[in-house]
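Residue strings, one per chain:
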Amino acid sequence: MAAEPTAAPATPSDSTNHGLRVVVAWIVLSAIATPLVAVFVGHLVPPGNGSTQGTEQVFDNTWMLSVVTPVICLLAVFFVYGLRSFHAADGAILDGPPLRNDSRIQILWIVGTSVTVLFLAGFGTYELLQNGAGGGQGPDPIAVPAGSKLQVQVIGQQWQFTYRYPALHGLESNQLVLPENTDVELHVTSLDVIHSFWAYELGVKADANPGVDNIAFVKTKGPETFHVRCAELCGLWHGYMYNNGRVVSPSQFRSWATQQEKLYASIAPFMNKSAADGGAPYARTYLPLPSERAG
Amino acid sequence: MAEPLAHAGTGYEVVEQEPPELLGRNLISASHLLAGATAFFFVAFVFAYFYLRSLDNGGLWKPSGVDASIGWGTAVVACYVVSAALVRLGLADHRALRRSQWRQKGGIALLAGVAGLVLQVIAWTHESFGPADGGFASVYFGWTAFLFLFVFLTLVWLEMTVATSVRYRALETDAPPPGHASGDPYRAAHDIRDPLSLVRAELVGLSFYWTFLAGIAVVSWIVLYLI
Amino acid sequence: MTAVAAPPPRPLWRRLLGFNLLTAVLLGVGGWYVGWFGAHAISAASIGYFADTDYNELSVYLAYIGGVVGFLVGLGFLNYPLARMRGYPPSLREKETHGWTRYFSLCTDHKVVGIQYLWGIGLFFFIGGLNAMLIRTELLRPNHQVFPAGTYLTIVGMHGTMMMGMMTSGILGPFANYLVPIMIGARRMAFPRIEALTFWLLMAAGAILTTTIFFGGFPTGWTGYAPLSNEANPGMDNYIIFFALVGISMTLLGLNMIATILTMRAPGLSWTRLPIFVWGVLSTAVLMVLAAPVLIAALGMETLDRTAQTTFFVAAGGGSSYLYQNLFWVFGHPEVYILALPGFAIVLELLPVFSRKPLWGYRLAVGGLLGVSLLSWFVWQHHLFVSGINGDLRPFYMLSTELISIPTGFTFLCGMMTIWRGNIRFTVPMLFCLAWFFNFLIGGLSGVFLSDVPSDVTTHGSFFSMAHFHYTIMGGLVFTFFAAIYYWVPKMTGWELNERLGKVHFWTMFVFFNSTFFPLFIAGFEGQPRRVVTYSAHLQFLNDWVSVSAFLLGISMLVFLFNLVWSLAFVKKPAEANPWSSRSIEFQLPSPVPVHNFDRIPVFSSDPYGYGEGPVPTWVAPAGAPAGRE
Ligand code: HEA
Ligand code: HEA
Ligand code: CUA
Ligand SMILES: [Cu+2]
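Residue numbers (this note's numbering), protein chains in the order written: chain P, 17 to 311; chain Y, 23 to 249; chain Z, 14 to 643.
Treat the hints with care, as some may be off.
[Stated by the list, open to error] Per label pair, the in silico range of CB-to-CB distance:
hint: 1; chain 1: Z; residue 1: V159; chain 2: P; residue 2: T274; range: 43 to 53 Å
hint: 2; chain 1: Y; residue 1: L44; chain 2: Z; residue 2: L383; range: 57 to 67 Å
hint: 3; chain 1: Y; residue 1: R117; chain 2: P; residue 2: L134; range: 32 to 42 Å
hint: 4; chain 1: Z; residue 1: E626; chain 2: Y; residue 2: V178; range: 47 to 57 Å
hint: 5; chain 1: Y; residue 1: R120; chain 2: P; residue 2: S130; range: 55 to 65 Å
hint: 6; chain 1: P; residue 1: V44; chain 2: Z; residue 2: E626; range: 35 to 45 Å
hint: 7; chain 1: Z; residue 1: L143; chain 2: P; residue 2: T274; range: 47 to 57 Å
hint: 8; chain 1: Z; residue 1: W113; chain 2: Y; residue 2: F72; range: 32 to 42 Å
hint: 9; chain 1: P; residue 1: Q176; chain 2: Y; residue 2: L171; range: 34 to 44 Å
hint: 10; chain 1: Z; residue 1: Y116; chain 2: P; residue 2: V40; range: 52 to 62 Å
hint: 11; chain 1: P; residue 1: Q176; chain 2: Z; residue 2: L406; range: 56 to 66 Å
[What the hints assert, rightly or not] Which bits of chain P does chain Z cover? Going by a derived footprint, with three or more residues having C-beta under 8 Å, they are:
hint: 12; segment: 153-160
hint: 13; segment: 178-190
hint: 14; segment: 211-219
No wet-lab data here; the hints were simulated from the structure. Backbone N, C-alpha and C fix where the C-beta goes; we use that ideal spot for every residue, glycine too.
This is chain P alone, in the form it adopts within the complex:
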């Protein structure tokens, strides 16, 4: 058996106030690091300022970073200090002081973490309720931006997205083109398996479930090109289910619309009727009827 450990003297011989040192170092380090992180790292976090919702996410992420920086600092200071100061001399197996508890530290820690966490949850909820943060909210959204909105239905299927514009007589296109500075209401659904509509630069993500109308809001900013990508595993070609979308000026949007309508004129009679012609604004009949199911 290894050498029997010797008990440490009852009172630790060194009277340095280690705790105070760590706390001071932590406060100093956090005071320096937190603003630096907020200012220099904050604006780097995605998805960028492609939309109001995107900006909101960046803001949110910046806050989160600023809150977790002191937590990281605390552990960094603690371990750098602790592991340097408290390691055993080579080969010696010496018992440390038998400290089993200190309720003041416990209470401080519990209160500290609870306050942080509650703040984060409150902050996140507040941000979420502003305008939905670009996430899919289901058929009955709770965070609805005020004012009029351009409605677009996003229909996922293996393996592409189709966009339906009720405002353009139910035009359906495989391109997503949006006018600038406009509130857009996206209705995401699927014809087969679960997909997820992800417009990265716009900060929008909403799952496409069959038979579900998943609503997400986004307010576009200036003209730009953005990436659309399927973000839920949907089978073989999931990895290739992407294309680009565009945010354009209102006049460009109108000319794009007329061009598309011309392009698809020949198949228009076979499409679902538009709302103006007495049809539903959203295609709800995509579900294959049970009689058509295999088996």
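With chain P's structure known, arrange chains Y and Z with the ligands on it following the hints.
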């Protein structure tokens, strides 16, 4: 240290006997835990029922003509309940040392349970709808099928308990011949000495679990046939 | 008690003929074919409904059921129930006391099962790791290069499923099975046969998942979302059966653990003296017993959808894809804490030994473990923030998820305060525990980002979430898994592991783990999606960096494997009984621990953390107890 806790290189012969009530405590806590696991298993079906019902996707929750026949359902669940109740009563008999009455009740309980299973199969073939006929049909067939499986395994357990007490019916407390269980005289020491003490322990665990499962059957009856 | 001389060992050929792994594999394959053709016979006989449907997998399922039953028969698992059904009382033990063959057969010695688990889990961990290497090879280029898209998905799915399925028992399997009875002063688990069953079920499951490649693989990843799984090819059935068997194994493992801890503690071992590791096992086991059945139920529904044409998950038939997602994550979230909690417990168990201080804040630590275990039931929809499910409940799930940081923080606090002012020895297990703080801090804090809905909108389904869970699992669970190996394997096998190689393993693993997964946070933020062969070209440098680091990480694991095999099979340097000067009871026993664990059942008078509080207590036999060795 005064005395080492163990010596290497000794055989298992040195093992002192475990407290006799240990097996019982183990079986009882196992039956409680099994009941917990079973509950969470069937909660999934309860959830499926109410969730799909509230969604009513495509209007296909319960198309007309899809209705489980309450007659068969009641018969099945009644068999389960009777069987579980008999096991409870049998346990009381066993506690009161009325061993032969317990054996009778146990046997009838087994028959009642098996009757329930048979009735269930008949019920399936007599339903007017098939598993593909919408949400309710799915939940109905899924729930009853898995309940069938659980009941079947519980009845196997019941059969074991009954079989042990029948085999040793002549022997009130005496130990069976050494090596009787394992068939290996070298391991005689590890046989349960008094098989009837095992019956009591198993009965307590079993009757708890079987009552619980019958309770789930009743819940399934309420959910699938009444509401 | 009569002492009977041990039976003379039987010749090898005779032992090979009995109930063992060899027989089991043969009968398993046989059973598979019986099921397969049996099912075709059923269809041929046109028994009702199944034969009429043009698409069903009934024969596949019956084949696997036949295979698993055959396997269990071959191992001898049915001997006991069949004897019982004929009315014979059970034999309490089937311990083979000697010979290597016991490792390949049904053995009810909890120490043998622990070692079986260690190698069995290690094998599948290795296979999962190889899959990871293949993933990283494919991702060297932003476009498809080595594997076709379908194969890539299968590899990712196999990697994720194998890891999640196997590593849930990664610590409870080897270490809890081996140590819990010893730590609580018992000679066996409450249900030794069930204990063995959990192991062999897991092995059958692993084999089934591995063979999915012969049946076309499966396209769904480890989550198996319906309705994609409904339309997938027969390889999907391997996934379903794998996870169902793992679920059964987990339920039984947890049940056995709880029953053992509740009923078999030695005298004097009150709840406040229980080693913290046992508390960790208990809180994990509760999650296992209750969460795994939900998974089994969900997979049962999926099975019915695929065989009997029910429409649980088919929106067009009155079902819902949300139903599967809900059920999966009701299981899935507790599952991730099943992975995390044993790691917490190991850290808290080891830190006192290597800081030579009592565990600080024992009650708080226990509260933290139980708190995580409780809260983990209320957070599952954080995986579904953008799915459109219950949009109005998102603030609640955001709150509940973030609340978990508080009990998790308890583990951090107790661990840190235990180190504080101790005499730290930087042994290999200690290094792994210290690394846990670093890794899990990053993993946990990234989890806090994910739990924030506005942040999750972008990071969901991206490599950010992938980096998060590799930090928590690889960095949290697997690091502590290795800590446990270095700490306890000398005890379990009686042979030392090479310390120098251990340090090489640790440092390379720590460095390359971080350089593999940290960049993936950035890749995720930049929008790299999970489970795809393609990503934006500008992320190639990052991905190449990651891939190279991952290969080096793989090499570091080979260093470990080399160490393990070299030390245990070739060097065979006998380990001291108590190499770490620990006060824990298992180190007061000889190495390896004798078959019967204790000559006399010990009586506990304190917890095992009394460093600096006097000599190690002597465990005494209770007054009047029957003498053990005469
Ligand atoms: C071991 C496994 C493990 C663990 C422990 C965790 C822990 C946590 N996880 Fe993680 N998670 C996974 C495994 C794990 N996770 C997996 C596998 C997935 C993906 C599944 C898939 O999609 O395939 C996932 C996905 C996942 C998501 C969904 C992402 C998405 O798909 O959109 C979310 C969202 O909320 C989340 C959150 C959290 C949180 C908040 C914790 C918390 O428990 C973390 C708490 C810890 C800390 C916070 C650090 C320590 C605490 C302190 C030092 C105290 C002070 C701190 C503060 C005050 C903040 N996880
Ligand atoms: C336990 C959980 C676990 C572990 C440990 C790992 C470990 C690793 N994972 Fe994995 N991973 C998952 C769980 C895990 N992963 C899950 C759940 C997913 C999601 C799947 C999905 O999307 O559905 C995923 C997905 C995933 C992806 C994303 C694929 C994609 O979405 O496209 C990638 C890509 O890099 C990856 C890489 C790695 C790497 C490089 C390791 C390395 O750390 C591996 C290193 C390990 C080894 C090389 C093996 C060494 C073993 C031994 C030497 C044997 C030891 C022997 C004994 C003990 C006896 N993983
Ligand atoms: Cu569509 Cu992935
Ligand atoms: Cu989770």
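Here's how the hints hold up against the structure:
no.: 1; hint: V159/Z <-> T274/P: 43 to 53 Å; verdict: holds, 46 Å
no.: 2; hint: L44/Y <-> L383/Z: 57 to 67 Å; verdict: violated, 26 Å
no.: 3; hint: R117/Y <-> L134/P: 32 to 42 Å; verdict: violated, 54 Å
no.: 4; hint: E626/Z <-> V178/Y: 47 to 57 Å; verdict: holds, 52 Å
no.: 5; hint: R120/Y <-> S130/P: 55 to 65 Å; verdict: holds, 59 Å
no.: 6; hint: V44/P <-> E626/Z: 35 to 45 Å; verdict: holds, 36 Å
no.: 7; hint: L143/Z <-> T274/P: 47 to 57 Å; verdict: holds, 56 Å
no.: 8; hint: W113/Z <-> F72/Y: 32 to 42 Å; verdict: violated, 54 Å
no.: 9; hint: Q176/P <-> L171/Y: 34 to 44 Å; verdict: holds, 42 Å
no.: 10; hint: Y116/Z <-> V40/P: 52 to 62 Å; verdict: holds, 56 Å
no.: 11; hint: Q176/P <-> L406/Z: 56 to 66 Å; verdict: violated, 31 Å
no.: 12; hint: 153-160; verdict: holds (count 6)
no.: 13; hint: 178-190; verdict: violated (count 0)
no.: 14; hint: 211-219; verdict: holds (count 4)
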